[in-house]
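Enquirer: Produce the complete structure using the sequences and hints provided.
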Amino acid sequence: MQNAIELQGLKKRLGNFVLGPIDLTVPRGCIVGYIGENGAGKSTTIKLLLNLMIPDQGEIKLLGKDIREFTPQMKKDIAYVFDDLYLPEDMTLKNVQNFHRKLYGQAWQDKTFSELIARFSLPNNKTIKHFSRGMRMQLGLALALSHGAKLLLLDEATSGLDPVIRDDVLDLLLEYIQNEDHTILVSSHILSDLEKVADYIAFIHKGQLLFMETKDELVDQYGITSLSKEQLAEIDDKAIVGKRPHQFGVEVMLKRSLVPSDLELERVSVEDIMVYMIKGERK
Amino acid sequence: MNIQIKNSSNDPIYLQIKNQIRDAILNGELEADELLPSIRFLAKELRVSVITTKRAYDELEKDGFIHSVHGKGSFVAPQNLDLMRERFLKKIESNITEILRYAKLADVSHDELIEMIKTLEDENAECN
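Read top to bottom, the protein sequences are chains A and B. Position 63 of the first sequence, counting from 1, maps to 63 under my numbering, and the rest follow consecutively. Position 41 of the second sequence, counting from 1, maps to 41 under my numbering, and the rest follow consecutively.
Any given hint might turn out to be false.
Some but not every residue of chain B turned toward chain A, in silico, with C-beta under 8 angstroms [as the list claims (entries may be wrong)]:
hint: 1; residue: P12
hint: 2; residue: Y14
hint: 3; residue: F41
hint: 4; residue: K44
hint: 5; residue: R47
hint: 6; residue: V48
hint: 7; residue: S49
hint: 8; residue: V50
hint: 9; residue: I51
hint: 10; residue: T52
hint: 11; residue: R85
As a list, the in silico PhoX-like pairs of lysine-lysine whose alpha-carbon atoms are at most 25 angstroms apart [unchecked claim]:
hint: 12; chain 1: A; residue 1: K279; chain 2: A; residue 2: K255
hint: 13; chain 1: A; residue 1: K150; chain 2: B; residue 2: K72
hint: 14; chain 1: B; residue 1: K54; chain 2: A; residue 2: K150
hint: 15; chain 1: A; residue 1: K255; chain 2: A; residue 2: K243
hint: 16; chain 1: B; residue 1: K6; chain 2: A; residue 2: K255
To be clear, the hints were calculated from the coordinates, so they are not data collected in a lab. Glycine included, each C-beta is placed from N, C-alpha and C at the ideal position.
Expert: Shown next as structure tokens:
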């Protein structure tokens, strides 16, 4: 089993919005950043992967197996963290733990869960209702990492969290991926710190997968610089990915291979690529 | 072993890792047959992607600095010092050719060149 996720011709219509057809292959043992604007289709894809929605067309294989043939046992190999907990609000940690112990049976790892709870210093005496946004996400992540799952799906899990908590999440994800049978797909409209460790970036726009590339090759392809309008006129049109003109000049993202090598370019972030590509398209 | 990733550097990250490990091997900080950290551990510690550290190791292996044993890890390859010296001499030669070309263009004499080398050497000695 080499691939953790295989999507073939995946299609889903929701009112006016159409996702796909999407073909996507995620090799085992890597971290994928699944990025795009709000409403691009990231969450729809994840819901389809989790069988929470039925596709109109196409095939979904997780860990080498068609999800329609998943047994309850195999479902425990998949873990997910959403932007919120979706558990009864009057549960305490003890209730949550007992509930998941029953839910996951043999697969449940009580020790791992207790360690993560201690690491996050989550309170034992409070009900979930009184948990902060960060605590809710930490609990969600602790639950996801406590049943021996091989594939971890995060849907906007770290959006709106403070940088210190995001940093803790990063550490946990890196520990998880030390096992090369483990795979992570992180969907987000802001990758920020997570982009450093992502092996691949998959970019979805208006329901279409624009590309999936290794992050290194992706960010090495482009560069950003500030130019005067006269300087911009001398640049090959094909080299311009996107630009932000202002009163005193223009900021442009360029393809490194199509501009003179003595032109000094700054390194780009994945977010830069997303912004310039989407805005470049609008013109 | 120390490895420092600098975002301000123009070198891609895999190359920064590769060069620093290579230097550690060449200056003897890493000895022959020493086990290197796994690509996943290195990626975790440096907070870079696994593909990045794997590329650094692949290139070190291609250049003969390390060798990988499946399931065991990557080890420092015994270095053939004569061969290494040969390679460095070649590098020096090609760089000198370049220098001579510029010297001719800028009309710099041999004596001036030698003087420049000496000055730079002294400066470097002070820095170290």
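Enquirer: Now, for every hint given, state plainly whether the structure supports it.
Expert: Evaluated hints:
no. : hint            : result
1   : P12             : holds (6 angstroms)
2   : Y14             : holds (7 angstroms)
3   : F41             : holds (7 angstroms)
4   : K44             : holds (4 angstroms)
5   : R47             : holds (5 angstroms)
6   : V48             : holds (6 angstroms)
7   : S49             : holds (4 angstroms)
8   : V50             : holds (6 angstroms)
9   : I51             : holds (5 angstroms)
10  : T52             : holds (6 angstroms)
11  : R85             : violated (32 angstroms)
12  : K279/A x K255/A : holds (16 angstroms)
13  : K150/A x K72/B  : holds (23 angstroms)
14  : K54/B x K150/A  : holds (21 angstroms)
15  : K255/A x K243/A : holds (12 angstroms)
16  : K6/B x K255/A   : holds (23 angstroms)
Consistency with the previously given hints fails for number 11 only.
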